[in-house]
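*Asks:* Sequence:
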Amino acid sequence: MITMSIKESVLSSIEQEIVGFFVDHGVKSPTVVLERPADFEHGDISTSVALKCAKTLGKDPYTLAQDVASHISKKQLQHIHKVEAVKPGFVNIFFDQAFFEKILGEILKLKTDFGNNTSLKGQKWVIEHTSPNPNKAMHLGHLRNNLVGMSLVRTLSCNGATVVSDAIDNNRGIAIAKLMWGFLAHMRKNENVPIEIEYWNSHSEQWFSPKELGLLPDMFITKCYISGELDFKGNPVVENKIRELVARWEAKEEDVWNLWSHMLAYAYEGMERTLSRLGNHWDKIWHEHEHYQKGKDFVEKGLGKGVFKRLEDGAVLTDLSHYNLSDTILLKNDGTSLYITQDIALTALKKDFYNAEKLLWVIGPEQSLAMKQLFAVCEQLGIGLLEDFMHVSYGYVGLKGDNGSFTKMSSREGTVVLIDDVIDAARDKILQRFVFEGKEENDELRDLSEKMALAAVKFSILKPDRTQDIVFDTDQSIETTGDSGVYVLYSYVRTQSILRKGAGKKLTKTNSLARPGQEGNLVKLLMFFPDMVKRAKEDLSAHHIAQYLLEVCSAFNTWYAKETILDESEQQYHKLAITEAVGVVIKNGLSILGIETIEQI
RNA sequence: GCCCUUGUAGUUCAAUGGACAGAACGGGAGCCUUCUAAGCUCUUAAUGCAGGUUCGAUUCCUGCCGAGGGCACCA
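Numbering-wise, the first sequence is residues 50 to 650 according to our numbering.
Wrong hints could be hidden among the right ones.
Computed list of lysine-lysine pairs in PhoX-like fashion (alpha-carbon distance at most 20 Å, straight line) [to be verified]: (1) Lys-173 to Lys-583; (2) Lys-170 to Lys-583; (3) Lys-583 to Lys-160; (4) Lys-238 to Lys-282.
Since the hints were derived computationally from the structure, they do not count as laboratory data. In this text, all values refer to a predicted model and were calculated from it rather than measured experimentally.
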């Protein structure tokens, strides 16, 4: 049983009074928003309702605000210390010390649960993210997809939803055929080995393994794919052979399937290494080869319903004029399916399998139109309603070009930045600093450096708004100072360190906050963590959490610098409680971002 | 050509239509016999341009300029 928090209950009584005030004055249904002011000088909570209703009532906003303020004051609501009307027409409300005392108590009592709410209780959301393309090592684009997806799962879950995550494994088609060809043709131990699948099946030892080349599996796969791709583009004979491979695979030729599984095993091994490092998790993986043929049935169904049309050459086209979208081909003139054909089938499968309120896809912005078309087609086919589906797009991760401009990563130009390389670089930078400080390099220190590196990398990707393009510079983005994940971790460690030292102290519980100033502002800030969790849900972006954590850390560190917490004073108990509450909020916030806290540096 | 996204300090990022546009990095000046200075304090500097709506616009609308992406048988 979740009871209303002290903040919710006080705010709702204020809201009721204000609504009542405006209703009495003839405003039909006033919307009263109580929000956190830019500065706590302007109250602990504030509303601009007087400014908004002034015109309707034909009154001066400031006088109206004064009326509202005195109305609330007269009601003598619990925990309200002061209400004032300010300049253009804001009503600013200040709470009493006992209120903040209770807030602090709630944080310390709720601990891990502080910040969570039940707004999505009873709802099931499915999030597809990080769908692997098993032909290349994972780069920063995949990283953003993964971090956005994973943080979204946690964000929605903190808002009370039951969240399931899945991915589609694009394990068949021309790309995998290129991969198989690249391996067959370019990983032979010598030129005399025939480039033949049949021969490979009986003489696989005549081809290199990643290990034999001293390569990690994902790099091995990347090499195979790139050479396969080059051959495909540069040699029509090879192109035909590769296309033939797809057909042979579809005909379930055993030799081809053996090679196919062999390549996929390397691909999965490579991805698994990177993904487990990131803490990735899927509840289910859909393998393309299991459902790719089912899409055609839906196309037939659409033709039957008359929502699609068959072109003269036999291809099938959508009619999306009702959706104000451009039409798209659903079936090639040779009768074979396209990406969207399979997506229709998979969406239907997912809709059926999960019975969920919402299906979300974390996919890059270049798919925006394709996603809209997919959703529209699904609605036409009765698979679901437009509002059941959502494309969660995210900005590109680019690099800084020579002229200082935003440049996309390009595998052709060799500018792709791999996830593992970035984490390694950050880890080494952190480790070096430890060693420079005279620490002994051992497993424990390496482990600590890895955790801090992950915090730095994840934080730098999750700090900006999900939809914005970001420029990634390994040196600049993987900051361990300033607004960084390491800064947040360090602040957390600081709270824990103080708590450890304070554990043996004699504490006298006082009944009021030490001073309403600095400590007070810190508690006020902590009070708004639950609001940030809601905002992250509304915008489907955890960056609000990251930005907020920086604010909390900054406030805490400022306080820490000025104030001795373990000062043996009467206020020591209280200051420790605040320190603990800061720790709780940082830990909970980082947890949404998928960043593990550490107790000691 | 049409559609979508986007344009904030030198740089990288913030800002549910609100109260002096916030940080960080960089530049400049300081703070460690004191709970670990990966920290703290001060300082420097920005809303592409032109209109409109509004009591109030970085935010909404229109036009222009710049950047990125997409536009039917690729995935």
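*Asks:* What's the verdict on Lys-583 and Lys-160, does the C-alpha distance respect the 20 Å limit or exceed it?
*Replies:* Between Lys-583 and Lys-160 the Cα gap is close to 18 Å, so the pair holds against 20 Å.
*Asks:* Is it true that the CA of Lys-173 sits at most 20 Å from the CA of Lys-583?
*Replies:* 17 Å, holds
*Asks:* Would you mind confirming whether the straight-line C-alpha gap from Lys-170 to Lys-583 stays at or under 20 Å?
*Replies:* Satisfied, since the Cα-Cα distance of roughly 13 Å is no more than 20 Å.
*Asks:* When you check the alpha-carbon spacing of Lys-238 and Lys-282, does it fall within 20 Å?
*Replies:* 24 Å, violated
Hint violations for this structure: number 4 only, all remaining hints satisfied.
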